[in-house]
Amino acid sequence: MSHVAVKEPVTRPSFAEVAATELDSVHRYLLHLTRDPHLADDLTSATFERAMRDWRRFDPRKGRPGVWLIEIARRQALDHFRSEGRRRRRDERYASEEPRESPAPEVGGLSPDLRVALGGLSRSERELIALRVVLGFDGAEAAEVSGMSTSAVSTGLHRALSKLRTHLGEEDAP
Amino acid sequence: MKEIDPARLDALIDGASPEGDAETNLCSLLEGVRDLEPGAPPDLRARILEHAAKQPARDPRGKRARAWFAPPRLAIAGTLAAAAAAAVIVVPQLGSDGPVNENSTFVTNDPSTSRLSAPGANARTKSAAPSANDSQAVAPGASPVEAAPPIGARSGRLQEVRSATRVQVTDVQALSEASNEAMREVRRLGGYTVSSRYSVPNGNQGDNALVFRVPVARAEAAITAFGGLGTVLRQQADMRDLTPAVTAQTTAATLLEKRAEILRARLVVQPDDADLKKQLSAVEAQLRATTTRTDGLKRRAEFARLSLDLTTDGPPAAVTPDGQIEGSLRRSGARLASVGAWTLGAGVLLAPFALVGGAGLVGVRAVRGRSRQRDRDMI
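For the record, the sequence lines run as chains A and B. So for the first sequence, the numbering used here puts the first residue at 64; every next one is plus one. So for the second sequence, the numbering used here puts the first residue at 9; every next one is plus one.
Because the hints were derived from the structure by calculation, they are not lab data. Backbone N, C-alpha and C define an ideal beta-carbon position, used for all residues, glycine too. Nothing false has been slipped in among the hints.
What the simulated footprint calls covered on chain A by chain B, stretch by stretch (three residues with Cβ under 8 Å from a Cβ of chain B suffice, anywhere in the stretch; the number is not a length): (1) 102-112; (2) 176-189; (3) 217-229.
Derived Cβ-Cβ restraints for the label pairs, each shown as a range: (4) A:R152 to B:E58: 31 to 39 Å; (5) A:R120 to B:R378: 17 to 25 Å; (6) A:R120 to B:G368: 18 to 26 Å; (7) B:L57 to A:R156: 41 to 49 Å; (8) B:G366 to A:A83: 39 to 47 Å; (9) A:R120 to B:R382: 21 to 29 Å; (10) B:G355 to A:R149: 46 to 54 Å.
Bound-form chain B, shown alone (with noise of 0.2 Å):
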């Protein structure tokens, strides 16, 4: 017997013109076959088609057709949506406390304060938080010690915090352009903009002075961004833990509010006692501006100072047209990293949701190969 290609056989099968004996009589065979079965009865071709008119035309339901579960590629699809969309809403609440710059260095010689320095202009550094292995960083005449945790990290502390920063730009028209960008920084973390000394006395030179209130938990988010407004001549951060004395001013007033009551139980059974009622009035009067500190403690560890020195002083700043360049690079390595950092959060937050997907597509698809091999071994 000849044999014949399997692709010429389909070409066949599928109508080809045959070539050749062999393939002629293969298509007499294939002939043969198609018109070895007429087709279904006719009583029972009636039947059916009997059975069928009384179909409705259109689906009872009005619904689309579709099957009754959802194949398992979509659920899949649509767990790792609803997990994506939980991460989505999460991880921005874990990172709220902004970027925290890993390269922040404290020098801590009193338990509650904490300062950061990057003192003089012949610093002239472009970062504001300088990195741990600069050793300009360090304050003068303190001694190296481990890296603190950056501002405002300490959890349950009530910190005071303030910075001072003195940054040079170009010209006038960068000034207004870098109090702009930092007013829009500190709005964008929460904070608000105290005052603002805006200075040109001629068309070349000018300054800007500049106070911030920011949440603390943003402070060292918002020292960053001002570095990047051009070159940093001087900086300082200065942070002290106000928790000890805000722990002192309300036991006092604690006992103070005791001593006011013992007083008043003493004046319901004298009440003419005139010295009574002159010890009360001081005590209430110290217990007032004993609150009115601890008030006054509080609002100063909500909100962190920040004092920002835009000024075109100084020597020719580095800014150049390669210095915008590179700033500009800066700052989107930033925002790159930033985005990684997300990226890689919502990953492990979504890993587990992936790979129980994963583990349920092969599960199917097993089970699906094996019932469909059952089915071949069945035929």
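Just chain A, with the same shape it has in the complex (with noise of 0.2 Å):
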């Protein structure tokens, strides 16, 4: 018997169902990273608004709408961490006065305690827990929107959950 490859056309969601879709994704992704809810709103807005713009580059061949969305939403982070960080030089270098601290996340919701004890986490990893976790990419799709092989990614993620786990002081638990 003999077998015949037949490519299957590949279906261009609109952009209105990917957007419903993908929203809160995108937004808690933005959550982990940033840890700052209204930043994360900011971004997922300037994400989307990208994203419109962008729409048509977007091959469905390529990848899941998520991922592709989930990057642009990294670009936006990326953006705002690097002019964020040219205005803390910036201030630093001129102003005089006691460098304030930055706003604290806001603490609440179900547990407050994993909510910190994600918010002592690096960047990074907050980031691979989101992709992996939260999201439920899979290794392969974790990797590519965050740069990183895929075992980098497996290896990354099994550090941050042991620190995870540490700051939840599940090490006294036999």
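Join these two chains into a complex; the hints should help.
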């Protein structure tokens, strides 16, 4: 019996459908990355604005829309971190007043301890947790977004979760 | 804290069932992390979805989704393809003189005449162009000299080339096939058949005396091809430099033309001078004859005259079924060598493009790697 490979046409969803499906994922990713709900809101808006402009460039054959949106969200966050870093350096150079503490993340919701413990992780570790655990990306997708190898993602995630458990005092558990 | 293998951790994240307390606790932690952030607040959701609904369902330009720039790999592939196309066009032009037999040896006694000869049936060589170290390729009585350039290779010179080749074939069938192959080869080289005298007095024996005209630049290729038709019994090639003769004729024509102009001028003054008219007629006749000779010489320098005698006569031909295989192998080898030379030429032509493309690819990768590293550092 011969098998004939037939390529199924890749259907292209509408942007509104993608936005409705992926909005929460993008917001949760940015919230984990920034630890600042207001900033996450702003970056989510910027992400979807950018995505809408670039929607014609999206090629469904190359990956899921969710991954594409997270990549845009990551670029938006990186741009923000860069500009924030420049602003902070400028402030430190010219301002004489005492450096102010950055606003503490809003703690609340279901598990304040978990939020605090997550806040103790580095941004990179939080990103890996967001990609693999929160958004459910597989190793290859997480590696693609984070610019790491699949094994580095796996190792980094393991390290991040170990730290998280340590912060939560799980080491004392039997 | 009980360590969990990273591979197992991946499996648990991807939905594997936990085993033991440690894994169960870890899964609880993962669930907690998953449920930590509920998602976008309602006002943000409403704002974004309202905005997204304005996006047209189809791309307004109706084009296929693609990046505004071609990925570097595609650009490099395009460059290489263009270079390959250029090579396909250019390289055959470089080799348009046909395959050059580097083994040809010419014995030159006269600066204007060269001769290549493989005399006598006892030579029984299978090659039409004897190798440089083959002493039988040297004309008897001539002292070996350094190898001259191939036939017709002297640029800017007018050369008359003549050759005669006698080739033995096995039987009448082979005679017919060899004749056809010789004519095909000559046509392929841009020449033509002047005459063919095919004679088969009985069913077992026969011969064919062929005369070809082939562009001088490709005469050697034709002679080489003739050698592959069977056993070469005799071969001779003569080359004569016609440039001095053509130059002399051209000079003479110029002088005659001037002479005729002077006579015509004098006839204008003395129109009734019969002696002048007679002189002018004689000069004009000489001029015509000189021009005709010059044209003839030039025509002779354009096409070589190649005689090919195919015969079944002579001692038993060496071409046996093994010989046919040998011949096929030799022809295949020659073709392979030609393809190899072409490939080498194309490689030389393509190498700079490939180097530039490769360097570009490496550079792009390095820049991308550094950019990704910066992003990771930032995160």
